Amino acid sequence: MPLVSVEGLSVRYGANTVLHHVDMTIEPGEIVTIVGPNGSGKTSLLRAIIGATQPAAGQISRQQGLKIGYVPQKLHIDPTLPITVGRFMRLTDRVSHRQCMDALESAGVPDLLKRQMSQLSGGQFQRVLLARALINRPALLLLDEATQGLDQPGSAAFYRQIEAVRHEAGCAILMISHELHVVMSASDRVICLNGHVCCEGSPAVVASAPEYRALFGTGTGGALALYRHDHDHDHDHCDHSQDAAE
Amino acid sequence: MLDDFMTRATLAGIGVAFAAAPLGCLVVWRRMADFGDATAHAAILGVALSLAFQISIFTGALVVALIMALTVTFLTGRGYAMDTLLGVMAHSALAFGLVAVSFLSGVRIDLMAYLFGDILAVSRTDLIVIWGGAALVVALITWRWSQLLTATLNEELAYASGFDPKREQLILTLALAVTVAVAIKVVGVLLIAAMLIIPAAAARSLARSPESMALIAAAIGAFSAIAGLRSAYMFDTPAGPSIVCVAAILFAFFSLAGWNANRTS
Numbered sequence: 076m077p078l079v080s081v082e083g084l085s086v087r088y089g090a091n092t093v094l095h096h097v098d099m100t101i102e103p104g105e106i107v108t109i110v111g112p113n114g115s116g117k118t119s120l121l122r123a124i125i126g127a128t129q130p131a132a133g134q135i136s137r138q139q140g141l142k143i144g145y146v147p148q149k150l151h152i153d154p155t156l157p158i159t160v161g162r163f164m165r166l167t168d169r170v171s172h173r174q175c176m177d178a179l180e181s182a183g184v185p186d187l188l189k190r191q192m193s194q195l196s197g198g199q200f201q202r203v204l205l206a207r208a209l210i211n212r213p214a215l216l217l218l219d220e221a222t223q224g225l226d227q228p229g230s231a232a233f234y235r236q237i238e239a240v241r242h243e244a245g246c247a248i249l250m251i252s253h254e255l256h257v258v259m260s261a262s263d264r265v266i267c268l269n270g271h272v273c274c275e276g277s278p279a280v281v282a283s284a285p286e287y288r289a290l291f292g293t294g295t296g297g298a299l300a301l302y303r304h305d306h307d308h309d310h311d312h313c314d315h316s317q318d319a320a321e
Numbered sequence: 051m052l053d054d055f056m057t058r059a060t061l062a063g064i065g066v067a068f069a070a071a072p073l074g075c076l077v078v079w080r081r082m083a084d085f086g087d088a089t090a091h092a093a094i095l096g097v098a099l100s101l102a103f104q105i106s107i108f109t110g111a112l113v114v115a116l117i118m119a120l121t122v123t124f125l126t127g128r129g130y131a132m133d134t135l136l137g138v139m140a141h142s143a144l145a146f147g148l149v150a151v152s153f154l155s156g157v158r159i160d161l162m163a164y165l166f167g168d169i170l171a172v173s174r175t176d177l178i179v180i181w182g183g184a185a186l187v188v189a190l191i192t193w194r195w196s197q198l199l200t201a202t203l204n205e206e207l208a209y210a211s212g213f214d215p216k217r218e219q220l221i222l223t224l225a226l227a228v229t230v231a232v233a234i235k236v237v238g239v240l241l242i243a244a245m246l247i248i249p250a251a252a253a254r255s256l257a258r259s260p261e262s263m264a265l266i267a268a269a270i271g272a273f274s275a276i277a278g279l280r281s282a283y284m285f286d287t288p289a290g291p292s293i294v295c296v297a298a299i300l301f302a303f304f305s306l307a308g309w310n311a312n313r314t315s
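Protein chains in written order, with this note's numbering: chain A, 76 to 321; chain B, 51 to 315.
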């Protein structure tokens with residue numbers, strides 16, 4: 076039984092349809108990455124899955140009592156709000172000191188408990204967000220461009236941590252990423268989104284695309300590369316009728 | 051003991067300070083200072099209406115503050131920016147209130163008492179209303195504290211943990227309306243926002259956690275009420291503004307001290 080299944084999902088903001096007829100599922104323990112150009116509805120899909128956006132059509136069913144750990148794209152803490160890492164870890168769950176320490180340790184930032192959140196570096200901050208999301212042992216971890224603002228080595232290290240976490244905790248992971256090298260190395264499945272699901276499949280299928288090879292490593296944005304490749308490749312579950320319409 | 055008007059005034063001030071402290075922290079963190087101000091200004095219309103219909107000032111002010119806050123919350127994001135809406139709603143409510151008061155013949159109304167408070171005239175009944183309202187606000191915020199804090203930090207985080215941040219916003223709005231209604235007698239509609247924001251802002255440089263900031267703000271607010279009333283008595287100054295002055299001086303002092311400590315450390 077899937078953790079989350081999305082059927083025929085459409086999301087509208089006013090007259091603007093950002094997602095139409097999206098179908099997808101997440102199975103326990105798998106890593107799924109959503110890629111797509113800006114404005115393709117990636118964040119809207121994630122918001123719909125956590126219930127922050129009401130679908131205009133279709134439905135989203137979550138497994139009964141599903142625990143979700145969420146790592147937001149950006150968390151702004153107002154400078155007037157004093158909060159230590161330790162307090163932030165206990166934000167939504169009652170947890171012991173031991174659990175806090177363990178979660179911080181497995182996110183790779185063991186010594187920050189007493190520090191103010193405002194004093195953390197970008198990389199430390201993201202790892203604390205990850206640790207907090209993991210603290211109640213979620214069955215599904217959602218990451219919305221969790222490495223924004225980190226440099227290349229920083230985000231590589233962050234994703235290695237996520238792989239380690241998956242290995243350790245065994246949770247399913249659904250992430251939005253711009254960084255294709257991460258998609259290639261860590262995902263079980265890639266979903267290419269542009270208002271609708273253009274294409275989905277294993278990263279190996281994607282890797283065979285010559286356009287992808289040409290663009291890989293040039294740093295021009297992996298999402299674009301992946302989006303282009305499927306115009307002359309045949310994957311399972313492809314649908315290009317919408318591209319013609321747009 | 052409650053026969054002494056100074057004792058009643060002091061207790062009223064402390065009651066308002068206790069309600070305003072945790073609420074004020076949330077208002078500061080969420081950058082809702084204008085929202086608090088506008089809700090308070092609108093309450094003068096409530097005062098006018100309650101005088102016209104001869105209902106209690108508390109009820110009138112509460113209802114109008116609540117309508118105002120809910121309307122702004124509802125309309126925001128539907129074509130108008132928050133600050134525009136607040137400007138329109140708050141000042142028109144204030145203007146309509148002042149005009150409405152001028153129509154009320156028969157009763158001589160000392161408008162100053164509602165604009166700047168009349169803490170020295172607090173009765174035993176007022177005291178019960180103030181402490182009742184303050185207890186309600188503190189209970190409400192304590193009950194929802196962790197959710198309010200999460201929703202303040204990040205909306206999506208709130209949804210992912212299984213609760214609706216819009217409901218938390220509504221609870222905050224309700225608490226704000228109650229605080230405005232009970233604080234009118236103490237500091238008046240023009241200075242309510244000051245009681246919300248100044249103690250919280252003063253507590254910032256001393257606090258290391260959200261909870262300690264709320265507690266320190268309560269202490270600063272209560273101290274301001276006591277010291278403000280004392281100095282009003284000694285120097286024969288208006289009581290409500292004197293309380294706010296003490297809070298402002300404490301803010302300046304702690305901010306400078308905090309700034310200095312940061313610079314030297």
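No wet-lab data here; the hints were simulated from the structure.
From a predicted model like this one, the values you see are computed outputs, not experimental measurements.
The reader is advised that the hints may include incorrect statements.
What the hints assert, rightly or not - So the derived list for chain A, only partly shown, Cβ under 7 Å to chain B, looks like this: (1) Gly104; (2) Gly140; (3) Ile143; (4) Asp153; (5) Ile158; (6) Thr167; (7) Val170.
Claimed, not checked - In silico DSS-like cross-links for lysine-lysine, where the CA-CA straight-line distance does not exceed 30 Å: (8) Lys149/A to Lys189/A; (9) Lys216/B to Lys142/A; (10) Lys142/A to Lys189/A; (11) Lys149/A to Lys216/B.
From the three backbone atoms N, C-alpha and C, an ideal C-beta is built for every residue, glycine too.
Hint-by-hint comparison with the structure:
1. Gly104: Violated, about 19 Å.
2. Gly140: Check failed: Cβ of Gly140/A comes no nearer than 10 Å to chain B, outside 7 Å.
3. Ile143: Since the shortest Cβ distance to chain B is 5 Å, the answer is holds.
4. Asp153: Holds, because the Cβ-Cβ distance from Asp153/A to chain B comes to roughly 5 Å (cut-off 7 Å).
5. Ile158: holds (6 Å)
6. Thr167: holds (4 Å)
7. Val170: violated (12 Å)
8. Lys149/A to Lys189/A: Since the Cα atoms of Lys149/A and Lys189/A sit roughly 22 Å apart, the hinted pair holds (cutoff 30 Å).
9. Lys216/B to Lys142/A: Given pair Lys216/B, Lys142/A holds - Cα atoms ~21 Å apart, limit 30 Å.
10. Lys142/A to Lys189/A: Cα-Cα ~27 Å, so holds.
11. Lys149/A to Lys216/B: It holds: about 20 Å lies between the C-alpha atoms, which stays within 30 Å.
Hints 1, 2 and 7 from the list above are not met by this structure, while the remaining hints are.
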